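Colleague: The primary structure of each chain is shown beneath.
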Amino acid sequence: MVTFKVILPANDYMAVLPQIVLVSTALLVLMMGVFKKLVNASAPGFTALAGSLLALGCVLFVGHHGAPSSTFGGMVLVDGFSFFLSLVICIIIALTILVSLNYGNFFNCMRTGEYYSLLLMAGVGMIFMATAGNLILLFVALETMSISIYALTGFHKKQLKSSEAALKYFLLGAFGSAFLLYGFAFIYGATGSLDIIKIAGFIKTHPQMLNMKFLVAAFVLTIAGIGFKISMVPFHMWTPDTYEGAPTSVTGFMATGVKAAAFAALIRVILVPLAPMQHSWVTIMWIAAFLTMTVGNIIALVQDNIKRMLAYSSIAHAGYILLGFLAGTGLAQAGMLYYLMVYAFMNIGAFGVVALLCKKGEEYTSISDFAGLGFKYPLLGLVMSVFLFSLAGIPPTGGFMGKFYLFTQALRSGYVWLVVAAGVNSVISIYYYLRVVVVMYFSPQASENSIVLGSVSPGIVIALATAATAVLVMGIFPSYFFSLAGNSIFSLM
Amino acid sequence: MNDYQSVYLALSAILFALGAFGVICRKDAIVVFLCVEIMLGAVNLAFVTFSRANQSAEGLFMVMCIMAVAGAEAAIGLSIFVLLYRKTGSINIDKFNLLKW
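Sequence lines, in order, name chains A and C. Residue numbers for the first sequence follow our numbering, so the first one is 2 and each next one is one higher. Residue numbers for the second sequence follow our numbering, so the first one is 30 and each next one is one higher.
It cannot be assumed that every hint is accurate.
Okay, derived cross-link-like pairs now, DSS-like style, lysine-lysine, Cα gap no bigger than 27 angstroms in a straight line [what the hints assert, rightly or not]:
1) A:158 to C:116
2) A:158 to C:124
3) A:214 to A:199
4) A:37 to A:158
5) A:162 to C:124
6) A:360 to C:56
7) A:360 to C:116
8) A:159 to C:124
9) A:361 to A:162
10) C:129 to A:361
11) A:37 to A:199
12) A:361 to C:116
13) A:159 to C:116
14) A:158 to C:129
15) C:129 to A:159
16) A:162 to C:116
17) A:158 to C:56
18) C:56 to A:162
19) A:162 to C:129
20) A:159 to C:56
21) A:360 to A:159
22) C:56 to C:129
Only part of the chain A face toward chain C is listed, based on derived beta-carbon distances under 8 angstroms [claimed, not checked]:
23) 151
24) 164
25) 179
26) 189
27) 245
Cβ-Cβ distance ranges computed for the label pairs, FRET-style [to be verified]:
28) C:34 to A:331: 54 to 60 angstroms
29) C:115 to A:203: 48 to 54 angstroms
30) C:85 to A:432: 51 to 57 angstroms
31) C:55 to A:158: 25 to 31 angstroms
32) A:109 to C:55: 32 to 38 angstroms
33) C:103 to A:159: 20 to 26 angstroms
34) A:109 to C:34: 55 to 61 angstroms
35) A:69 to C:50: 40 to 46 angstroms
36) C:60 to A:74: 39 to 45 angstroms
37) A:158 to C:93: 29 to 35 angstroms
38) C:103 to A:39: 29 to 35 angstroms
39) A:58 to C:34: 46 to 52 angstroms
40) A:39 to C:34: 26 to 32 angstroms
Simulated from the structure, these hints should not be mistaken for laboratory data. Note that the structure is a prediction, hence the values are computed from the model and not measured. No residue lacks a Cβ here, since even glycine has one placed at the ideal position from N, Cα and C.
For reference, chain A alone in the conformation it holds in the complex (with noise of 0.2 angstroms):
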C-alpha cells in the first residue's frame, strides 16, 4: 500500500499571501468564464474585485515590521520596499477593475471571466516583480505580466486598431526581454550568481569587477530591456501606438501598474547591486533620462488624441522618475517612490474619465470632444482637471510635491543642468494639460459630437473619487506618504 503524502515545504506563506489569495481570485474568475449559463454576467467582475480588496487588506495585514528577510531560498524578499510597492500594485489593480465594471457596460467583450482572470494574473506577476530577490522569479514575474498584458491590449477584437496595437506591444516587447535575458546572462557570467543579495555582496567583496567589460555590457542589455518597459526613449516607440490602441480600462493598468513595477525591478536589480559603478553609467543615463522628458513633452504638444497625448506625458514622467534614479541617494529613491504612487492615482483618474466617456462600442478620444464637458457635467470636469493639474504639476496636487522631491533630491547630487531641463519641461507640459481643461471649459459645445454619459456605476465614482481625494491628499499632506516611502527604501535588502 503506497501513500502519498503532500508535504509542503516549510516556508513563509505569509509573505506571498496577496500573491495566493490573487491567484486563486484568478483561476476562480476563470471558472466563471467557463460556465457562464450558471452564473450571472456581472458576476467575474465582482468577484475580481473581491479578491483585489481582500489581497490589499492582506498586504496590510501582513505589513511588514522587523528587520528585511528572505524566503522561498532568497526567492522571496519580504522588506519595506516589497511593502510599499504590493499596496501600491494593489491599490492599482483594484482602481482598475472598479473602472473596467462601468467599461464592461459599453463593451461586452469586457465583462468576460477571462478579462479579469488576465487582469489579475497580471497584477500578480507585478507584485512579485516588486519582490523578486532572484533573477530567475524577476524573469517569470516580468512575463506573467507582459504576456497578460499583450492579450488585454487585443481586447477589442472587433477593432482593428487594438489588434495592431497588440501586435506592436507583443514583438516590441519579446524583443526587449530578449535584451534583458542577456544582461541577466552577463550578470550571472561576470558574478557566478542569479541572486540579488549574493551579486551585491560579490561586487563589494570584489572592487576590481567594476572595470570588467562583462559587467558594463550587462548593465547596457539590462537597461535596454527595463527601458522597453519603462518607455524610457530611445525604447519608447511602441508606447503611444499601444496605449491608443488598447481599452481604455487597460491603458490606464498599463500607464501606472507596468511602470510601478518596472521601476521597482530597475531599483532591485540595477541601483542596489550595481551602485558602486555608477561612475560607468551617469552620463548615459543623463543623456536618457534628458531625452526622455523632452521628447515626450514635445510630441505631446500636437496631439489630438487625449490617450495618445497621455501615452507621450507618461513618457514625460519616466524621464522625471529617472531624476530620482540619477541622483542615487536614498532620499531620492523615496522620491521616486512617491512619484510612481501619485502618478498611479493620477493616470488611472485621467484614463477612467476617459473610460466613461463612451456610448455603446464606441469610445470619444477626440480633445475637441470634451468641449463643453465642464458645464454639462461639473463633477466630471473637477475630477478631471484636478488630474491634468496634478500630471501638470500645480501645487496643491500630490504631482507638484512628487516632482518637488525629485526635483530638489537631483540638486543636491549636483545635476544642475538636468533639473534645468527638467523645470522647462515642466513648463511645456503645462500648456498641453490645460488645454484640455480650457477645451472642456471655455469652448462652446459642439452640436453633433455632445458627449452624454451612458450608464455610470457607482464603482467609478468610488474609484474617481478615491483617486482624486488621495491626489489632493498627498499634495497637501506629503509628509506621512514621503516617510512611508522613505522608510521603504531604508529597510531594503
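On the provided structure of chain A, position chain C as indicated by the hints.
Modeller: Only chain C this time, still in chain A's reference frame:
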C-alpha cells in the same frame, strides 16, 4: 575561462546579433518572431556556458524557465497573428499603420 567557452560565447553573440538584425529588417511578423526566438536561443547558450564556467546549476534552471516562457509567448503571439490575418489577410508589419504619430 577556457578556450571553448569563449568560442561558445562568441557564437552566442553572433546568434544574438543575427536575431536582432532580423527583428529590425524583416517584414513578416512570423519571421520577426522567429528572430526573437533566435535571440532567446543565443541567451540560452550564454547561460549554459556561464553555468559550466561558474560550476553552478542556477544558469541551467534559468534556461528551463526561458524555454517555458518562450512557449507561452509563442502561444500568445501566434494567436495575435491569427487575429490580424483573419481581419486583413496579411501579417506584413508594414501594412499595419493605423496608429502613427
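Colleague: Failing hints, ascending?
Modeller: 6, 11, 28, 40
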